[in-house]
Amino acid sequence: GAGVSQSPRYKVAKRGQDVALRCDPISGHVSLFWYQQALGQGPEFLTYFQNEAQLDKSGLPSDRFFAERPEGSVSTLKIQRTQQEDSAVYLCASGKRDSTYEQYFGPGTRLTVT
Amino acid sequence: EDKVVQSPLSLVVHEGDTVTLNCSYEVTNFRSLLWYKQEKKAPTFLFMLTSSGIEKKSGRLSSILDKKELFSILNITATQTGDSAVYLCAPLRDNRLAFGKGNQVVVIP
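Residue numbers (my numbering), protein chains in the order written: chain A, 5 to 118; chain B, 205 to 313.
Hints are computed from structural coordinates only; laboratory data are not their basis.
Just to be clear, a hint being listed does not mean it is correct.
[As the list claims (entries may be wrong)] Capping the alpha-carbon separation at 30 Å, the derived lysine-lysine pairs in DSBU-like fashion look like this: (1) B:K271 to A:K82; (2) B:K272 to A:K82; (3) B:K261 to A:K61; (4) B:K260 to B:K245; (5) A:K82 to B:K244; (6) B:K305 to A:K61; (7) A:K18 to B:K260; (8) B:K271 to B:K241; (9) A:K18 to B:K244; (10) A:K15 to B:K260; (11) A:K82 to B:K260.
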């Protein structure tokens, strides 16, 4: 079946621009996670949804970062007034049920802020 | 503060060799530990370990968890060039995976 998909795969933004990154989880998956992966590092947790409820947003690095999942399926990660330090790969993962189940990752969106 | 230390960070082996990758962790509210393989794309799920001392196997890969000593091992036997990747260890705590930096494995023919 189809895996997690993300779009766009690559995004170049000028410093100060707003960006929106989309994640389509595996159909029927309840949990959805966003991670940020800097070059040469492991992914770092940003936020977690169970259905449409954002249960944990403690990993969001600043109030410029905002995530939503209004109907409990597709999610959008928005970054306002992008900065160079936001350049990274943003990974989305989904899980069958709650957060104790294994997470399946999408291909990521590589964001470059110039 | 979560600590996940993977070693060795990088290694080069010949096809047919056996590889042992180590992951030690200190995280609060530990639930389980997951291993992923990452090539130049999404991390792909390998194993989820919840209980100590029970080896999980998938083909040439196997993994085991020690919850008393807080570490896990991932073994790859009879390595192939397709095993070249970064292997990520990720303890699951609360609602999140806490990733290590990864073990970069290069398998040369």
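The hints, checked one at a time:
For the proposed pair B:K271 and A:K82, the alpha carbon gap of about 38 Å is over 30 Å, so the pair is violated. The straight-line distance between the Cα atoms of B:K272 and A:K82 is roughly 41 Å, outside the 30 Å bound, and the hint therefore fails. Taking the CA atoms of B:K261 and A:K61, the gap is about 34 Å. The hint is violated against a cut of 30 Å. Straight-line distance between C-alpha atoms of B:K260 and B:K245 comes to about 25 Å, which keeps the hinted pair within the 30 Å bound.
Restraint check for A:K82 and B:K244: the C-alpha separation of about 24 Å stays at or below 30 Å, so the hint holds. Using a Cα cut-off of 30 Å, the hinted pair B:K305 and A:K61 holds, with the two alpha carbons roughly 22 Å apart. Between A:K18 and B:K260, the direct Cα distance comes to roughly 46 Å. Violation of the 30 Å bound is thereby established for this hinted pair. Restraint check for B:K271 and B:K241: satisfied, since their Cα atoms lie roughly 22 Å apart, inside the 30 Å limit.
Note on A:K18 and B:K244: the hinted pairing holds, with a Cα-Cα distance of about 25 Å set against a maximum of 30 Å. For the suggested pair A:K15 and B:K260, the alpha carbons sit about 39 Å apart, so the restraint of at most 30 Å is broken. Our distance criterion of 30 Å between C-alpha atoms is broken by A:K82 and B:K260, whose separation comes to about 38 Å.
In summary, the numbered hints that this structure violates are 1, 2, 3, 7, 10 and 11.
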